[in-house]
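Chemist: Line by line, the protein sequences are chains C and W. Here the first sequence stands for residues 981 to 1096, numbered as in the working numbering. Here the second sequence stands for residues 17 to 134, numbered as in the working numbering.
Keep in mind that the hints are not guaranteed to be accurate.
To be verified - Listed next, the in silico BS3-like pairs over lysine-lysine satisfying Cα-Cα at most 27 Å (straight line):
id	chain 1	residue 1	chain 2	residue 2
1	W	K85	W	K58
2	W	K85	W	K74
3	C	K1037	C	K993
4	C	K1037	W	K126
5	W	K133	W	K58
6	W	K85	C	K993
7	W	K133	W	K85
8	W	K58	C	K1037
9	W	K129	W	K58
10	C	K1037	W	K133
Stated by the list, open to error - Covered by chain W, according to a simulated footprint, are these stretches of chain C (three or more residues, beta-carbon under 8 Å):
id	stretch
11	1020–1028
12	1085–1096
Treat the hints as calculated values from the structure; they're not laboratory data. By construction, the Cβ of each residue, glycine as well, lies at the ideal position given by its N, Cα and C atoms.
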Amino acid sequence: KAGVTQTPRYLIKTRGQQVTLSCSPISGHRSVSWYQQTPGQGLQFLFEYFSETQRNKGNFPGRFSGRQFSNSRSEMNVSTLELGDSALYLCASSLGLSGSSYNEQFFGPGTRLTVL
Amino acid sequence: AQSVTQLDSHVSVSEGTPVLLRCNYSSSYSPSLFWYVQHPNKGLQLLLKYTSAATLVKGINGFEAEFKKSETSFHLTKPSAHMSDAAEYFCVVSDLNGYGGSQGNLIFGKGTKLSVKP
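Next up, chain C with everything else stripped away, as it sits in the complex (with noise of 0.2 Å):
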């Protein structure tokens, strides 16, 4: 079974724009969440979607938003960007909504973004 992969591996944006990052889960996953990691905040929860709802949020400004399609695949978006943004953007899915010892999350490799 294919593990959690996550397109562009590598990305450059400058100050302003805007980027969107894609996760497709394991099959049968029906929840994925982002985190991002940092050098400085280590690894914060973004937010949690499950069956195309986000059912979790962490402490992150609008800028950042997401959407979850029928197939469970999702996409993160960070509009505006600042050079603080710069992050390894992790994705990660589980079969139902994560934090439950039954619900295990495998993780994706990530999305390196740099913002010059």
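Fit chain W to the supplied structure of chain C, relying on the hints for placement.
Modeler: Using the frame of chain C, we list chain W on its own:
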């Protein structure tokens, strides 16, 4: 609110010696606890998870962790370190609500970088 503290940002051991990575948590309800490992330029991989069935949890690659409610700890151990264990390790907590579901997102610790010397 739930939180997790990894007490060491960096741990260095010699190959063949024991590994101890420390984690303390704070949780309102009965927590779910996990340890993940991240190798350079790779995604995170689940090492083990606490399901409330047993306080001593065995994971992959010889790792195990013990849930101690009285100490609010979930330390990760391995009897004998291998060079391939060099990576960053994350302790993660999530609250279970009264119905066994999830209260919300996973909370990650800041991570502990494990170095293994030959």
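Chemist: So, for every hint listed, does it hold in this structure?
Modeler: Hint-by-hint comparison with the structure:
1. W:K85 <-> W:K58: violated (32 Å)
2. W:K85 <-> W:K74: With a Cα-Cα distance of about 17 Å, the restraint between K85 (chain W) and K74 (chain W) holds, given a limit of 27 Å.
3. C:K1037 <-> C:K993: With a Cα-Cα distance of about 25 Å, the restraint between K1037 (chain C) and K993 (chain C) holds, given a limit of 27 Å.
4. C:K1037 <-> W:K126: With Cα atoms ~20 Å apart, K1037 (chain C) and K126 (chain W) stay inside 27 Å; holds.
5. W:K133 <-> W:K58: holds (21 Å)
6. W:K85 <-> C:K993: violated (46 Å)
7. W:K133 <-> W:K85: Not satisfied, since the Cα-Cα distance of roughly 33 Å exceeds 27 Å.
8. W:K58 <-> C:K1037: Holds: K58 (chain W) and K1037 (chain C) sit about 25 Å apart, inside 27 Å.
9. W:K129 <-> W:K58: With Cα atoms ~14 Å apart, K129 (chain W) and K58 (chain W) stay inside 27 Å; holds.
10. C:K1037 <-> W:K133: violated (40 Å)
11. 1020–1028: holds (count 5)
12. 1085–1096: As far as the stretch 1085–1096 of chain C goes, the hint holds, because 6 residues have Cβ atoms under 8 Å from chain W.
In summary, the structure is inconsistent with hints 1, 6, 7, 10 from the numbered list given earlier, while agreeing with the others.
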